[in-house]
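There are 6 protein chains.
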Amino acid sequence: MTLRNDPRFQPVDASVVPRFANPATFMRTQRAAVDDGVDIALVGVPFDLGTNFRTGARSGPAAVREASRIIRQVHPTSGTAPFKLCNVADVGDAPVNALDLDASIRSIEDFFARIHAAGAVPIAVGGDHTIPIPILRAIARGRPVGVVHFDAHPDTLDELLGTRINHATTFRRGVEEGLIDPKRTIQIGLRGSRFGDDDLKYGYDVGMRIVTMDDYEEMGRAAAIEEIHRVTADGPVYISFDIDGLDPAYAMGTGVPEVGGLSMRDCQVMLRSLRGKFLVGADISEVAPMYDPTGHTALNAANLMFEMLCVIAEDVDRRRNR
Amino acid sequence: MTLRNDPRFQPVDASVVPRFANPATFMRTQRAAVDDGVDIALVGVPFDLGTNFRTGARSGPAAVREASRIIRQVHPTSGTAPFKLCNVADVGDAPVNALDLDASIRSIEDFFARIHAAGAVPIAVGGDHTIPIPILRAIARGRPVGVVHFDAHPDTLDELLGTRINHATTFRRGVEEGLIDPKRTIQIGLRGSRFGDDDLKYGYDVGMRIVTMDDYEEMGRAAAIEEIHRVTADGPVYISFDIDGLDPAYAMGTGVPEVGGLSMRDCQVMLRSLRGKFLVGADISEVAPMYDPTGHTALNAANLMFEMLCVIAEDVDRRRNR
Amino acid sequence: MTLRNDPRFQPVDASVVPRFANPATFMRTQRAAVDDGVDIALVGVPFDLGTNFRTGARSGPAAVREASRIIRQVHPTSGTAPFKLCNVADVGDAPVNALDLDASIRSIEDFFARIHAAGAVPIAVGGDHTIPIPILRAIARGRPVGVVHFDAHPDTLDELLGTRINHATTFRRGVEEGLIDPKRTIQIGLRGSRFGDDDLKYGYDVGMRIVTMDDYEEMGRAAAIEEIHRVTADGPVYISFDIDGLDPAYAMGTGVPEVGGLSMRDCQVMLRSLRGKFLVGADISEVAPMYDPTGHTALNAANLMFEMLCVIAEDVDRRRNR
Amino acid sequence: MTLRNDPRFQPVDASVVPRFANPATFMRTQRAAVDDGVDIALVGVPFDLGTNFRTGARSGPAAVREASRIIRQVHPTSGTAPFKLCNVADVGDAPVNALDLDASIRSIEDFFARIHAAGAVPIAVGGDHTIPIPILRAIARGRPVGVVHFDAHPDTLDELLGTRINHATTFRRGVEEGLIDPKRTIQIGLRGSRFGDDDLKYGYDVGMRIVTMDDYEEMGRAAAIEEIHRVTADGPVYISFDIDGLDPAYAMGTGVPEVGGLSMRDCQVMLRSLRGKFLVGADISEVAPMYDPTGHTALNAANLMFEMLCVIAEDVDRRRNR
Amino acid sequence: MTLRNDPRFQPVDASVVPRFANPATFMRTQRAAVDDGVDIALVGVPFDLGTNFRTGARSGPAAVREASRIIRQVHPTSGTAPFKLCNVADVGDAPVNALDLDASIRSIEDFFARIHAAGAVPIAVGGDHTIPIPILRAIARGRPVGVVHFDAHPDTLDELLGTRINHATTFRRGVEEGLIDPKRTIQIGLRGSRFGDDDLKYGYDVGMRIVTMDDYEEMGRAAAIEEIHRVTADGPVYISFDIDGLDPAYAMGTGVPEVGGLSMRDCQVMLRSLRGKFLVGADISEVAPMYDPTGHTALNAANLMFEMLCVIAEDVDRRRNR
Amino acid sequence: MTLRNDPRFQPVDASVVPRFANPATFMRTQRAAVDDGVDIALVGVPFDLGTNFRTGARSGPAAVREASRIIRQVHPTSGTAPFKLCNVADVGDAPVNALDLDASIRSIEDFFARIHAAGAVPIAVGGDHTIPIPILRAIARGRPVGVVHFDAHPDTLDELLGTRINHATTFRRGVEEGLIDPKRTIQIGLRGSRFGDDDLKYGYDVGMRIVTMDDYEEMGRAAAIEEIHRVTADGPVYISFDIDGLDPAYAMGTGVPEVGGLSMRDCQVMLRSLRGKFLVGADISEVAPMYDPTGHTALNAANLMFEMLCVIAEDVDRRRNR
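Residue numbers (this note's numbering), protein chains in the order written: chain A, 2 to 323; chain B, 2 to 323; chain C, 2 to 323; chain D, 2 to 323; chain E, 2 to 323; chain F, 2 to 323.
FYI, nobody ran anything at the bench for these hints, they're computed from the structure. Among these hints, one or two may not hold up.
Identical chains share a label here; the pair holds if one copy fits it or two copies do between them.
Quick list of in silico lysine to aspartate or glutamate cross-link-like pairs, EDC-like style, CA-CA up to 20 Å [unchecked claim]: (1) Lys202 <-> Glu160; (2) Lys85 <-> Asp7; (3) Lys85 <-> Asp199; (4) Lys202 <-> Glu178; (5) Lys85 <-> Asp198; (6) Lys85 <-> Asp318; (7) Lys202 <-> Glu227.
Just chain A, same shape as in the assembly (with noise of 0.2 Å):
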């Protein structure tokens, strides 16, 4: 471990600014551009249009800079400090068009695929849970990932109302396009009543490794974890968490909450466990803040975010220094 301690990229000092204090950017990060040093690219993705029931992500992302005011820089647990292992900034939102979901896709796409290139992780916040397929596309072409995929959702789905790129397929998308590998790829906390008995089947088909609630409860969480590492293994891991797999208790703010879900220390220590993989990316999906006006829902996304940030910029660094 070398601490990379880049002055350019220390967020803003809480006993000198308070945390109320100045624009709100992901905790506290200093903005930039992708091509400017960074190493964990933190990016908004205020993308909405691929929801079938109550909308409103598209403004996720601000409400979760605003929430992670709160966030400081040392992990409570494994004492990792972020901001000192890599170069971490705000890179902005990716780009949309608030009408054109076919548009907004493609120009995410890009987005992300410059951050590739300049050969940062990019940690986003959506926006629905279409997003992992412009992101995938830009990050997992040719090197199928496998998932960690927190949700009360499979989202498999083949279609929805006659599409085929919308918040309910996004999985699916992701195996038939060669951008998830399926036998690497975990789906935990699904559960809600179901629109007709083959919602799960495709993932059991193709080879996912479907934790549903009761199965969670069954196993505990320990075993959960194993099963996580079992399943991802050694190869390139994608972390996506819709806030939907927390309990409503949790995270009202979304858009279509399910009930008898996971709680967020669960989601917490889950997240730590990914401490040693090798991580190339990970989104926050459906945060809609409109739907709890406390900002307990963005406040969980804020810390889940830092949770992923801290393995993530621990694998970072051991990559650099390998």
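With the hints as your guide, set chains B, C, D, E and F onto chain A.
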């Protein structure tokens, strides 16, 4: 005036069933199919794919149905009893595709074409302010209508983000498609910072009567009402009420609130002034209830709907008995 | 004018104890028993069993006590210092039975009878608008009072859902029972869709002066004030303020909000105009705080209470010194 | 199992009509009259005159209808497809009188008697927790039922404020009237500060199985489920779910929230365990949506209703095919 | 145990006066002066000048008083009836200066010194978490107390923004001033991202027993309770509960919410375990109600206060009767 | 008028980047350092240690930045395009110490002194209404300014709670320190109950023009505008807008809302009237967003800021080109 007073079309009686009881329909009217003898069709249009800032108007119809529980049966000023004069029913929502703007515009048009074919006058609750386009395509083809248009924004841009059908281009498209007679169209309440110098230019160029908030305040409500009558004259008239025409003190539950706007009282009185006009349809758009947890915006929308209903019912009755 | 300035009855001094501190009483007055020498009794009436739509006014007194922390000691226009002129105290809430309308009406009457017997003038915070009945039974038996009645609704139905004592029949019952002199009664702010043609008929028939919103707007506030004075003349006057007389922009926290109503400013000025009247009591009713999470409705109620207090204190002082 | 799959009784298909569209009914089922061949009647009971603290449950049915838009058609754990198994419909709300407790109790009983006479099993959404009394009078007279009762409070007081029918005496009255078999009754989740030492005494005395939160935690969910089965045995069983059985983290939208309660997950699993029981009816009570602007409480209630529906549908199907 | 059962100190009886009625005091106890024979003084400390992020805890006492209307008289698990055992009263709020930190700290100390001198045990509701300093200066000078400290943060920094008395330095100052015995102090629930590596160092260095969330989860609640008893041993014990010790699912109404925290149930049980300890005072701090419009945070605080009251009342009774 | 139109200082273009995207700055302007050639500096002052009732204005700048996403580029009435005329930028927040009033006042002054030294005109968003003091110390020393002061309160007390620098003494201190020329100062909107008879005395004594709400209503807006011009005359003018000058229907999100206030429309028009004045700075203060979950208050503040910007930009342009 011949009272229809059809027992099949009487709203639920609040002296028997309290207003908080039973599933909500618009103003507690009966559900009916369009071809069941409906004179005035109350219809939701839960479409919001045409918005470029804050979204959520897809939930407008549900919210207005709930809020309209409070509406009673007789108008306090005119004494109009619309449910006695006409067969008024909630015909449900126009079909929309939550992921496909173009398909939605077509299916909305088809639904209103059926209403029109059945001889009913529609009063629509949006949805975003794109919806007058499919509505007018259904009811105004071949006979351009005058429009009484309440709004903070002119909605006469040529395009937005490269698209031509959206909530900012509606009244330009309407003119271009021969659905709207700009000479018989009046826009009331325009205000708010502008993208450029030309935001209102199109309207002026094609001869719309534009009454900005400055104009409105200067001339006063009575003169504005005279202008409405002078401009719309004797031909068919369509009423289009973007809820953001109201000041945000009355309507924070909308996508693009503009401060310094119309009062609810003034809008009520202006709508009441439309007695005697030849009224072919109406919409109330841009109610996005998630931004207004008190329900005030939807309450105002429900009352504006009742104002529209009363003047339309009188007109329908008059035309029937002519 | 002789200042009483009784130290036992001075509100908590904000220059010593900040307004956010200590248990809330009405306007930070001292708690006192009715027979402790109180001139003006501030009293809650947490009763809401008379409502036929949205309920919750039982929580009105608690909310107004909290909101009234902001009230200071001197009236900005008249300079009246009510706490110097009179012994003003919070005498607590009238006893109610949360499950029994009839028992509550009786116990409320008893409580106000004690206030009346002690020579104090009550200013009540409801509770729903049934409460003037027990109050007037206590203070107006044998001497019918004129009423200055602010409201969206006339509350002069004969019955509601088969019952005769409820928030929609109050002022009819009051007339029938000889508690209210309809000829010296004025209703201001009436509006909103009606159940039938006859909603206001009773009031007109018995000679109440009815000022609908249409009337009010046409005549203007100054003429309305003249009418208040002309109608109420020299006899005893009771003030009854249903908070829904205000426009919902000022009072969404109520059971039956009616759009297009009075402004707070107008109501303040009309109440101020009551200087010099013979005032025997007052109520503010229908604050249901759960429908207004910002507390705006209760804030307005607290300020209306202060307006009432100032004119009543002047009158009590004048009568005492006559 | 023979699928009825009656096309008249299929809920609105979300792949055709988005879930945010059209008037809300319980779980998007069709409206039907009780005698139209309904097997399972979803019914609102907007009654809240039996509450002694915070009121507002009269708005529960409307809120749960809105929240239940999210419910799909197949149970994620059991695979039950209730709308295929049985004719399920929204039969509207039981008649209530907003001002008269006694009249309401009678009219609610009458409505459920009609449901019962038509051979349908009711699932009711209150309203306050007085409503099991009229429901059980309609469906359990002559055959005392066992009750699976989730609640923070025992509701077995003898009287409250001098009245005997209210939301705190329900299960004592039920036993006294021979509607409830206390020996086959289990109360789960009891907690919260008590009025006196004897709050739970009646239940113990008559042989109810009381599982306080302390008991529940000590024995664990699996043992609690065993107790439910042991206690209720083979006779007819009624499910009564006071939403305040849930911890306030899941249900702030209720009149008397008690901290330290059940999790939604545990309640889902306990309800699921009722597969195979002889189930004669159910209610979910005390949803007072104005205290929970996020809609979380109503969302949980809608999902609990779906859990009840699935186990009841299986039982109705089984009994039909026996 | 000798019941005092002093009629002057009985809370308002909910079977006579409904819980929603009358001005709110803590748990509906009587107001009393400190020297009126009070055994346990419930006291607000509306001070929030010690906060460096989100402020507003000055409104905590008012909110907890309102929320505590729901509290009844007997503990559900222990059967303790604190109002029978001891003279419990609401002694009002400690004096504070809203603009002067130092003056407030002094006046708070003076107020608690008077409580202490009168022989009463204080239970305080803050206010931010600076308040244990003036409280302990009043009650622990010369006899360092052990502390049972629930919190997300250690509050043992040396200084914050150049100041030494604030809500982040409290427990370090307490040790330095000889008010707190670190060896008999236990901190439970610590978590959240840290400013630096040394945030917890002081506590470890001086021998506090620190139970982070990781520790807590690993050891379990029963072991944590054992640790509480082992650490605090037989000497005087003070309880300090920063409401942010709870997970934000239970307490969003606070200045610095940290995700992944304690459940309300666990905190209740841990507080209950303090029966038999020598308890000299307690506080609940950092309730900032404006961030939680549902009142959930204040509801939890009110219940935690009741848990504290029950164990303290038993101890006071035992010591009196020793 | 020479358009600067500096490309470095153009706000984000909404036709390219949707308004919901990217970190929020004031009106989507670019971030810049003060000495980067800025003509008009938009600056936050997150200070609220000067408040004696409800606090929280430290979060004002963050909320106004978010709300100002809606602002476009051209003024609807004047046609002013401020971002073309001048280099306008968000220079961040003035440094404050969240725990130390005196240190904050000094650091705020220093920050504005740098702005002033760089030749830029500041438009500040508070923070509580103490902030004009450090601002004026920076920009008005040696040249007393006239002030156009919108407010419900005069803020001319001599001291508050024993302190002399706080949000109630600002304009008295300003006069005493020679920063404000009282003869060229006008206060508009004063109202609300008063602490004593002398609350306004100081202002009258030193010759401020005081326009209470009563005065304002009597004279009308046009005359008020004339008074503004007459009073402020030709010298340097500072604009100070306490958001509580607005009626609470427009601004509940503030610490001390006073009912019966100014409308947003009137304030817009009055600000617009300042075209042509010699304007040296401005502030909008007392936005405390946690009291207004809809964001209405911050929306109004953002629009008032745009009004100020337009008149100041014209003035800066004119002076530059003189």
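Checked hints:
1. For the identical chains of this complex, Lys202 and Glu160 are intra-copy neighbours only, at 14 Å inside a copy versus 43 Å across copies, given an alpha-carbon limit of 20 Å.
2. For the homomeric pair Lys85 and Asp7, the shortest alpha-carbon distance inside one copy (7 Å) is at most 20 Å, but the shortest distance between copies (37 Å) is not.
3. Taking CA atoms no more than 20 Å apart as the test, Lys85 paired with Asp199 passes between copies only; the shortest distance there is 16 Å, against 47 Å inside one copy.
4. Taking CA atoms no more than 20 Å apart as the test, Lys202 paired with Glu178 passes inside one copy only; the shortest distance there is 18 Å, against 47 Å between copies.
5. Taking the shortest Cα distances, Lys85 and Asp198 sit within 20 Å of each other only across copies (12 Å), while inside one copy they are farther apart (49 Å).
6. In this assembly of identical chains, Lys85 and Asp318 lie within 20 Å of each other by CA distance solely inside one copy; the values are 10 Å within and 45 Å between copies.
7. Neither within a single protomer nor between protomers do Lys202 and Glu227 lie at most 20 Å apart by alpha-carbon distance, with minima of 23 Å and 32 Å respectively.
The structure fails hint 7 only (numbered hints given earlier).
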